[in-house]
Amino acid sequence: MKNDRFERWLHNIYTTRDEEILCSECFDLVSHFVEVELSGADSLAKLSNVKQHLDQCPACRAEYETLRDLQRLENEGKLPSVDDLQDLIH
Amino acid sequence: MTKERTNQEWLHDLKASGPTQEAAIVDLRDLLLRAALYFFSRNLSDFAGNNSDEISQRAEDCAQDALIAVMDHLSDFRGDSKFSTWAYKFAINIALMAARRERWKGVSLDELASSGESDFLEVKLQDHSDGAAPEASAMQSEVRKVIQDVIKNDLTDKQRHVISMMVFNEVPMDEVVRHLGTNRNAVYKMLHDARRKIKSSLQERGFDVGEMLSLFGTSG
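Protein chains in written order, with the numbering used here: chain A, 7 to 96; chain B, 30 to 249.
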């Protein structure tokens, strides 16, 4: 196991909480989390359990990062069309 | 061109009947297809063996599945985000599972996990801290030894199995879920319980959190 992966895992071990939300709860809350994050509101701290889960769970994190970036594009009026996106995979 | 709608208009139109609902469903499907294509465009390495038509078709399938999921969960929408943000997550979730499945198809997780379990204590956790100062290197080795002991003696077979796949072999969560015939929550819980046991053992042996993270160059 390479050092960087081991360090990452060690970080996950040490930031473990006794109580953590599960993936289904994270899924329920992540759209609100993204909305709050992109609005710059200071209420993000109230969603620290979501942030903690995203730090621990690579699957939920990958979904969150995609959702955040997609929503940011939509907010900026830059959401790519289906044709634009199909060009990207060609 | 997708019609701009407020959250209330989305809910109203999707629950309506006739042309109003049909138009809303067409627009929603367009958004979900964009979300699936967007995810795939960021994860093209998962589709190394596929041509672009196959990837497009896969995105269409994901959008269709996501449309069904969104319609099934309309009553769960609480209005604490834009409707589109809420809907996108269904498409992204389904697209991620499809992409990871494509990447890992043909890989025997039974073989991978069993080989990982037989050697991870010796190989996977071996010390790579060649460049560290002697004192730090010794402490790093000690931390690794504690973790090895906990994995070997204190974890359940299932926890060890999941750690072997996800931590040591980097198998994606959803492939582990599929392999075990369970769900994300159950796998996350197994990992969480394992992390708690390891953390507790390290703390009982007097390893300080901040000291450990800085020792391994991890600031968080």
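You may find that some hints are simply not true.
Counterexamples of contact, computed for chain B against chain A with all Cβ distances above 12 Å [unchecked claim]:
hint: 1; residue: Leu40
hint: 2; residue: Pro48
hint: 3; residue: Thr49
hint: 4; residue: Asp59
hint: 5; residue: Arg63
hint: 6; residue: Asp82
hint: 7; residue: Ser85
hint: 8; residue: Ala88
hint: 9; residue: Lys118
hint: 10; residue: Ala120
hint: 11; residue: Gly135
hint: 12; residue: Asn182
hint: 13; residue: Ile192
hint: 14; residue: Leu209
hint: 15; residue: Asn212
hint: 16; residue: Ala223
Ranges between beta-carbon positions, derived for each pair [stated by the list, open to error]:
hint: 17; chain 1: B; residue 1: Glu164; chain 2: A; residue 2: Asp90; range: 49 to 57 Å
hint: 18; chain 1: A; residue 1: Leu94; chain 2: B; residue 2: Arg107; range: 16 to 24 Å
hint: 19; chain 1: B; residue 1: Val175; chain 2: A; residue 2: Lys84; range: 43 to 51 Å
hint: 20; chain 1: B; residue 1: Ser166; chain 2: A; residue 2: Lys84; range: 32 to 40 Å
hint: 21; chain 1: A; residue 1: Ser30; chain 2: B; residue 2: Glu140; range: 28 to 36 Å
hint: 22; chain 1: A; residue 1: Leu94; chain 2: B; residue 2: Thr31; range: 17 to 25 Å
hint: 23; chain 1: A; residue 1: His96; chain 2: B; residue 2: Gly235; range: 16 to 24 Å
hint: 24; chain 1: A; residue 1: Asp93; chain 2: B; residue 2: Ser166; range: 34 to 42 Å
hint: 25; chain 1: A; residue 1: Gly83; chain 2: B; residue 2: Asn36; range: 13 to 21 Å
hint: 26; chain 1: B; residue 1: Glu164; chain 2: A; residue 2: His96; range: 40 to 48 Å
None of these hints come from the bench; they were simulated from the model.
For glycine and all other residues, C-beta sits at the position ideal for the given N, C-alpha and C.
Evaluated hints:
Listed as outside the interface, B/Leu40 is consistent with that label: its C-beta sits roughly 15 Å from the nearest C-beta of chain A, beyond the 12 Å cut-off. With a closest Cβ-Cβ approach of about 22 Å to chain A, B/Pro48 is found to remain outside the 12 Å limit, as its non-interface label requires. Against the 12 Å criterion, B/Thr49 stays outside the reach of chain A, whose nearest CB is about 23 Å from its own CB. Listed as a non-interface residue, B/Asp59 fails to keep its Cβ farther than 12 Å from every Cβ of chain A; the least gap is roughly 7 Å.
The Cβ of B/Arg63 does not lie farther than 12 Å from every Cβ of chain A; its closest approach is about 6 Å, which violates its non-interface assignment. A beta-carbon of chain A comes within 12 Å of the beta-carbon of B/Asp82; the shortest separation is about 9 Å. For B/Ser85, the shortest C-beta to C-beta distance to chain A comes to about 6 Å, within the 12 Å cut-off, and the non-interface label is violated. At roughly 8 Å, the least C-beta separation between B/Ala88 and chain A is not larger than 12 Å, which violates its mark as non-interface.
Here B/Lys118 does not stay apart from chain A, with its beta-carbon only about 5 Å from theirs, under the 12 Å limit. With a closest Cβ-Cβ approach of about 9 Å to chain A, B/Ala120 is found to fall inside the 12 Å limit, against its non-interface label. Remark: the non-interface label on B/Gly135 is consistent with the geometry, its nearest Cβ contact in chain A lying 21 Å away (cut-off 12 Å). For B/Asn182, the non-interface assignment is confirmed: its Cβ lies about 17 Å from the closest Cβ of chain A, beyond the 12 Å cut-off.
A beta-carbon of chain A comes within 12 Å of the beta-carbon of B/Ile192; the shortest separation is about 9 Å. At the 12 Å boundary, the C-beta of B/Leu209 stays outside the reach of chain A, the nearest C-beta of that chain being 14 Å off. Not every CB of chain A is more than 12 Å from the CB of B/Asn212 (nearest about 8 Å), against its label as outside the interface. The claim that B/Ala223 is not at the interface with chain A is violated, since a C-beta of that chain comes within 12 Å of its own (minimum 9 Å).
Distance hint check: the CB atoms of B/Glu164 and A/Asp90 are about 55 Å apart, consistent with the given range 49 to 57 Å. Look at A/Leu94 against B/Arg107: about 33 Å separates their beta carbons, and that is not inside 16 to 24 Å. With their beta carbons about 49 Å apart, B/Val175 and A/Lys84 fall inside the hinted range of 43 to 51 Å. Remark: the range hint 32 to 40 Å for B/Ser166 to A/Lys84 is contradicted by a beta-carbon distance near 49 Å.
With their beta carbons about 30 Å apart, A/Ser30 and B/Glu140 fall inside the hinted range of 28 to 36 Å. Between A/Leu94 and B/Thr31, the C-beta spacing of about 19 Å keeps the proposed range 17 to 25 Å intact. Checking the proposed 16 to 24 Å range against A/His96 and B/Gly235 shows it is violated: the Cβ atoms sit about 57 Å from each other. Restraint check, A/Asp93 to B/Ser166: a C-beta distance of roughly 51 Å breaks the suggested window 34 to 42 Å.
Taking 13 to 21 Å as the suggested C-beta distance range, the pair A/Gly83 and B/Asn36 conforms, at roughly 18 Å. Under the hint 40 to 48 Å, the C-beta atoms of B/Glu164 and A/His96, about 55 Å apart, miss the expected range.
Consistency note: the structure conflicts with the earlier hints numbered 4, 5, 6, 7, 8, 9, 10, 13, 15, 16, 18, 20, 23, 24, 26.
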